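Given chain A, put chain B in place with the hints provided.
If you want the building blocks of each chain, they are given just below.
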Amino acid sequence: MKEKENEFTSIVKAHKNTIYTVCYLFSKDNDEANDLFQETLINLWRGFDSFKGQCELKTWIWRVSLNTCLTAERKKKRSVKTVPLSMDINLFTDTDDDTRQIQQLYRRINKLGVVDRAIILLWLENMSYEEIGQIIGISTKNVSVKLVRIKEQLKKMSNE
Amino acid sequence: MENNELEEMKAQLALLNEKLEKEHIVNEKLTKETLRNKMRLVNTNKYFILVVDGLCMVFGPALIWYLRMYNFPIWLGFLAIAVTAFDFFAQLVLFNKLNLNSFTNENVVNSIKKFKDFKKYHKILLTFEWGITAIAFISIFLWASQILSKQGLIIYAICLALLIPLGIWSVTSRQKKIYSTCDEIIEQLEEKV
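If you read the sequences in order, they're chains A and B.
Sequential numbering from 1279 applies to the first sequence in the working numbering.
Sequential numbering from 25 applies to the second sequence in the working numbering.
None of these hints come from the bench; they were simulated from the model.
Some clues are possibly wrong.
[What the hints assert, rightly or not] In silico EDC-like pairs for lysine to aspartate or glutamate, Cα to Cα no more than 16 Å straight-line:
#1 A:Lys1294 with B:Glu47
#2 A:Lys1433 with B:Glu32
#3 A:Lys1294 with B:Glu42
#4 A:Lys1282 with B:Glu57
Just so it is clear, the structure is predicted and the values come from calculations on it, not from any experiment.
Just chain A, with the same shape it has in the complex (with noise of 0.2 Å):
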């Protein structure tokens, strides 16, 4: 059990960023970033003993983290809850000179429905077609339609 855990908390530390990212880029507000962040924590770790290495280990964190965000029901009453987590950086809020471009990114990406959110995400960190494919379920030629699709979208939002 100790060897699973330290196994899983480095691989956590590995892909924080990425996983966040996500949860982040799905999100209203920071609290809705933060629930999203331990949900997708806590799905890797459900899963974590049926992931055999049957894909890279980085598709399979996008995967998750990406079905955590799309699936992730909203609750209508937020109850309080006692502070749990962070990562403790408030990128809705703070506002640096960085922050405030990452907030540009978020606006831009935002527009999107949830599955182009997903792609231009994927896409943005340099992943092949193939992979995209494989992280969302889709054909690489789907990909390659929808990324044209969603590059005028943002074209035509840009121009506004």
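Leaving out everything else, chain B in the frame of chain A:
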């Protein structure tokens, strides 16, 4: 889309990665989930011990009544049942003091203390019981030597030689598992302090 806009987005994403690189994760929920898994292991062992003790208390008197025909010392029978009953209630008290179901909501320092106390008192309980068990086995052997023939005594000694190590291994391996899980939990909780 203009190339420079895409490049801008890539640069912004790189900035985000750089920012996140400096951050650390502390995930209480995940820590609690792993602790809960460990507690389930301790709970399972608790129920095993209590069930075995319970069965001994139920069937023990009947066995002693039967062995009475062979001049089995009644005092030994009562001692065995008394020790089993004592073990049953002592283990129940110790595990309940640990309060396995609510510890994840408790103050971390209290939880660590509870686990350390549990280990300490459980070891004392076992040491006491091993002593009584050794006396019981010697007494049974002396009783058996009076009623069995030489051949029967040899067979009985061989059976004991097989059963005693098996019994010891069963008890100690279970205890080792509980204690090592407690140690892991204490270590995990101490990281939070």
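Now for the hints, and whether the structure bears them out:
1. In summary, the hint linking lysine 1294 of chain A to glutamate 47 of chain B is supported, as the alpha carbons are separated by about 9 Å, within the 16 Å threshold.
2. This hinted pair checks out: lysine 1433 of chain A and glutamate 32 of chain B have alpha carbons roughly 13 Å apart, not beyond 16 Å.
3. A distance of roughly 12 Å separates the Cα atoms of lysine 1294 of chain A and glutamate 42 of chain B; the hinted pair therefore holds under the 16 Å criterion.
4. For the proposed pair lysine 1282 of chain A and glutamate 57 of chain B, the alpha carbon gap of about 14 Å is at most 16 Å, so the pair holds.
In terms of the numbered hints stated before, the structure departs from none.
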